[in-house]
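**Student:** Working from the sequences, and respecting the hints, build out all of it.
If you're matching them up, the sequences are chains A and B in order. The numbering of the first sequence is this note's numbering, which starts it at 1166 and goes up by one. The numbering of the second sequence is this note's numbering, which starts it at 334 and goes up by one.
Quick caveat, the hints were computed from the structure, so don't treat them as lab data. Hints may contain errors.
[Unchecked claim] The following residues of chain B were derived to be distant from chain A, with all beta-carbon distances above 12 Å:
| no. | residue |
| --- | --- |
| 1 | M334 |
| 2 | A348 |
| 3 | D403 |
| 4 | F408 |
| 5 | V495 |
| 6 | E558 |
| 7 | T560 |
| 8 | V587 |
| 9 | G615 |
| 10 | A620 |
| 11 | D653 |
[Claimed, not checked] Derived list of chain B stretches under chain A, where covered just means 3 residues or more per stretch with a C-beta under 8 Å from a C-beta of chain A:
| no. | stretch |
| --- | --- |
| 12 | 382–395 |
| 13 | 481–492 |
| 14 | 498–504 |
| 15 | 656–664 |
[Unchecked claim] Quick list of simulated restraints, FRET-style, between CB atoms:
| no. | chain 1 | residue 1 | chain 2 | residue 2 | range |
| --- | --- | --- | --- | --- | --- |
| 16 | A | E1431 | B | V495 | 51 to 61 Å |
| 17 | A | R1976 | B | D626 | 52 to 62 Å |
| 18 | A | T1927 | B | A657 | 48 to 58 Å |
| 19 | B | V495 | A | T1416 | 28 to 38 Å |
| 20 | B | V587 | A | V1977 | 55 to 65 Å |
| 21 | B | V495 | A | T1927 | 48 to 58 Å |
| 22 | A | A1348 | B | D653 | 17 to 27 Å |
| 23 | A | T1927 | B | A633 | 34 to 44 Å |
| 24 | B | D626 | A | A1348 | 14 to 24 Å |
| 25 | B | V587 | A | T1927 | 34 to 44 Å |
Where is the CB? At the ideal position from N, CA and C, for every residue including glycine.
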Amino acid sequence: MILRAIEVKGWRCLANSCRLGEFSEGLNIIHAPNGAGKSTLFESLQRGLFDGHKVTGEAIEQMRSWGRTLAPSVQIEFVHRGEEYRLAKRFLADRSAELFRRENGVYVLKAEGEGADREARAILGGGAPGRGAARETHWGLAQVLWAPQGRLACSELPPGLLEGIRGALDRQATDSASGALEAQIAGLYLETFSPAGRLKKGAGAPEWMRAAAKANELRAQRPDLVAQMQQWEEASSRVQSLRAARESALTNDEALSTQLAAAQHEERRYRELIGERKQLEAEAAQHESRHREQHARSQQVLGKTKELVIAQAEIQRRREQLPPLERRASEHAETENAQGRALSVAQGRRARADELRRELQQATTFIEAQAEQGKIDALLAQIARDEAELNEARRVHKAVVAPDAAALTAIREAAQSEVEVRARFEASLVTLEIIPLREIEIDSMADGVTTGARISSGERWRVRGAGEVVIHVPGFGEIRARGLAASVEQLRDALDQAVAKRTALTAVFGTPVLIELERLHDQWKLTAAALTAAQLRLDTVLGGRLHAMWQAERHRCATAIEVAFAAHPNWRARMPDLPRLQSALNEELAASADVEALHAKSRGAQTELHSALRELDRGKEGLLNASLAVERLTQEIAELRNDGLDDRERAEALSRAALQWNAAQSAVAKTVQELARFDGDPSLRLDDLLRRRETLQAGMQAQLTEEARACERLEILGAAGPFSALARLDEQIAAFEETSARGQRDAEATRLLHETVQECRTFALANVGAPVEEHALAILRQVGGDHPVTAMHLGEHFQLEHVSPSAHSGRVHIDNLSGGEKEQIHLAVRLALALVFAREERQLVVLDDVLIATDETRFARVLRLLEALSHQLQIVVLTCHPERYDRAAGAKRFDLEKIKLA
Amino acid sequence: MRFLHTADWQIGMHAAHAGAGAETVRQQRLLTAREVIAVATREGAEFIVVAGDLFQDNGVERVLVQQTADILGSFAGPVYVIPGNHDPLVPGCVWEHPAWPAHANITILTDSAMVVRAWGDLFPCPVRAKHSSADPTAWLTPGGRDRIRVGIAHGTVQGVPVDEPDYPIARDAAERAGLDYLALGHWHSVATYPNRSGTAHMAYSGTHETSRFGERDSGNVLLVELTAPGAAPVITPIPVGGLTWESWNETIAVPGDLRRVRERIEALGEPRRRLMALQLDGIFGAAEAGELDRINQLLAARFLSWRIDATGLRPLPEDDAWIADLPIGPVRVAAAKLRELANAGTPALGIESSPGAVAAQALLTLHRLAHTRNSQ
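**Tutor:** As structure tokens, then:
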């Protein structure tokens, strides 16, 4: 953009219309003293271009001319991309915006209102503010190109502007043909990859990707075919192993059959030998039996004969023993008889003594019972009397109704209480006493009762009542006496209660009189003492026993007497003679004193007799037994010899039987020996072999079945040709893989090409700031000559942060430099950036009093620099020191003061 | 007496390495099998021996088994086949297919036992597992010298470099077993093993049809002639393969090399029966980038299958004229950086994603773009 002219009106100090122009496309100096409106002019330029005409707010209000209501307006004429424009804006009142383009020498309206605002903003790439006035960040390129007063350093650049700077730098650094080739590479890349760098999928995927997908799809089928192949091979192995197992089983079966035949032969031989052994053992047993029988018979004959001899000798011995035994028994029998008779006599006397002793005892008891009975009768009579006295005393005592000591005490207390209450009651009554001097008749009234009375002269007449009593004396008047009615009623109630209590306590005794009651109490005490004395007497007579017990004792005595009378009826007539009975008893006892000795002797004789008799019986029994034995043995011997053989023949038969038995035993031993060579019963082994063969054959049958099934499965699997199917699949996969690999190789190459180009482009963009830094440094050198800064380091956003001083190997922050140095460096950066844009289009650079700290020497160089740059840039300098720019011969000057006056 | 010795037909072969030509490669093995029968008939072979690996795997589709059996069955004489390690005699193997008994002339030799024939005795060494360190000919013992004795075995003759023993066969197995000829299978190249007197009594026929790039002396059968017991066999290789597997490693050293490679490719006859694996390394000028594109176009247009590995190619360091012609700006700087990256370090052949290779490719792309732009 190149500024042609600017006209401002009603704007702060520029109240009247003030037009500046035509500006030079090179260096322009606008000078005026402070406050003359230089900055106002600058403000009108940027507000005119970047603020909407409808903008409001305090900042906008302040644009008005001071003390005036004029609406600020600005008209800017400029050239942009070869076209001439005029922008006219009016703010605050009658707001308007119009953009004209010069066509055929005449300005023609191009846009108005907000459209004009928008297009004006776009010229320098400015952005619309959200609300209110535009800030520096909305200025677009002007943010770099225009330096407001005191703000030479670039403020933070917005992203759009940064992109613009980078784009411009990039365009300047890149051949246009390169861009076309890049586009081709990008196009090739995008045939295969997405902009995000991922391989395209779906319909847009490249052919080789589809081939890869197809290969994957087919590869997914491979495990099934491999599995089928494996199944077929496993089935084959299975059949092979089953066949091997069958052959092995057949071999085993043959071996087992051989073993079985041998075992069966063994088993048969074993059974034969067992049979032979049994038969031989039976024969041997027969021979043994026969031999034993013969032998036993011979032995029995011998034995019985010996027994017979012994039995016959016993008979003889027994017969010789019997006579002495019989004699001895007879002698003992006589002795026993004699002892028995003596004992019988002594025992008779002893029995008589016993009878006498019992009679003496009974007589003593009888006499004692009679005496006892007499005593008891007397005692019972006394008891009867005492009991009668006791009953009388009890009746008398019961007839007296009197209070006991406790009741009497209670009555006394009640009476005392009544007396006390009554006294208090009497005291509470109102008493009116009158003693007339002459007979009078009166009416008295107390407790609501009126009573008439005649009172003699000098007679004392008293009336009492509660609360108030009145005596009305006719002809005289009334006499009244008053007391406390309430307390009287309380005392009356207490008195009634006391009377009721005493009456209740005394009612049962027939009199309420205390003295009478005390007399009754004394009488009651006397009868009670009599009763106690009678009881004591009776108890003394009873002696601690009951009346019934004495009666029972008497009955016992009577019974004993009756018993004695029953045994000795004569005792009724005459009492028994105790001394006589005692004498007779003594006599009999003396006579039977040796009865125990006689009894012992008798028992000894009896024992001797019994012994002798037993001995005799045994002798007789032995004789009898011996006789019987002889008889039995004789018979047995006769039976044993009844075999038709004589003793010699019998001995020969016994010898023959022994020989036959021995022969039979030898035959059995031989058979047993032959059986012993067998290791147990061969039938067990035979059974085992039979079982094994059965199991084996069952297994073989099962194997055959399984083998048939396995063969069938193998045939089915083999019929499908699993190898061929797998081979075809592998071939298809390989073909797709080949296509895929070729495509992938190309894709990788394309990707590498694209990424390398992008990388180079990114690198170039990342280093886009380098030319700016170089330009800025070159500018700075022109300003400073041997300037101490050797390098400038722009940040990502083109902000200047660090410089490299010549005296320092590292970087130094810009803030560490002097004000003049900073000023020059910031100016250099701005101009360098302006040059970037100027390569594409000449641009307007505005410097509002920016070099205030620069010394004269350097300022002169700055001026030369500005003059030099004015060939590429339009530079407008606003200053209040026009003399500093005197040396800029090529500059076009505008004296604002003069223009304002004009 | 003469017979045809073949092996390793690998019918149903997995041909992923053949790229787009995989199916053709697989089909060709059947076509060439018919050619084998034709050669046997033409050469008057009394019988054919197939020394294993008739099939790539026991799991090949059964129609291939039928087709192969039909081809062998079309021969007028007997065909003796042993299972190889690719198609070992296991349950479910191709040899259980009913196609075999349907052809009376085919005998699948499943037992290591002598087979007596009018012309002499046959000693098969069938394979029963995919891998084994046992010598399949171990059962063979010397016999009488009055009859011709021919063995058939599948394994690795000692001396062939292998990681682990894989059906090892002694180098003098034929001599030890007193065989007039031991027909071998397993390795795909023709190879004979002369004894101390210089007479070969054992040989690999190799595969009848080349199966991969770099496979030498393959695509043949052997016609073997035995005149009498103990006589030296006359072994004649007869080519029968239908496809050619070209594997070129070309170093580009001077300007013009790439052009010459392109011209050689252009000159190749019957390109539709050829598979091409071209590996380029060295340096090339940007001006030759067009040759590279041309080679790519030729291969894609003419050949049955092709693949090219140019990751070993690097831009000529001094070739900066075109970069200088680039417009000023990031593109020119990027080009210089890419050239620097492409020439940094040794090119890693085959590692297509190596930074140098990618940078070289990126540079080529940029060159192409700039060249196209300049042309406009």
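**Student:** Hint by hint, which ones does this structure get wrong, listed from lowest number up?
**Tutor:** 2, 13, 14, 18
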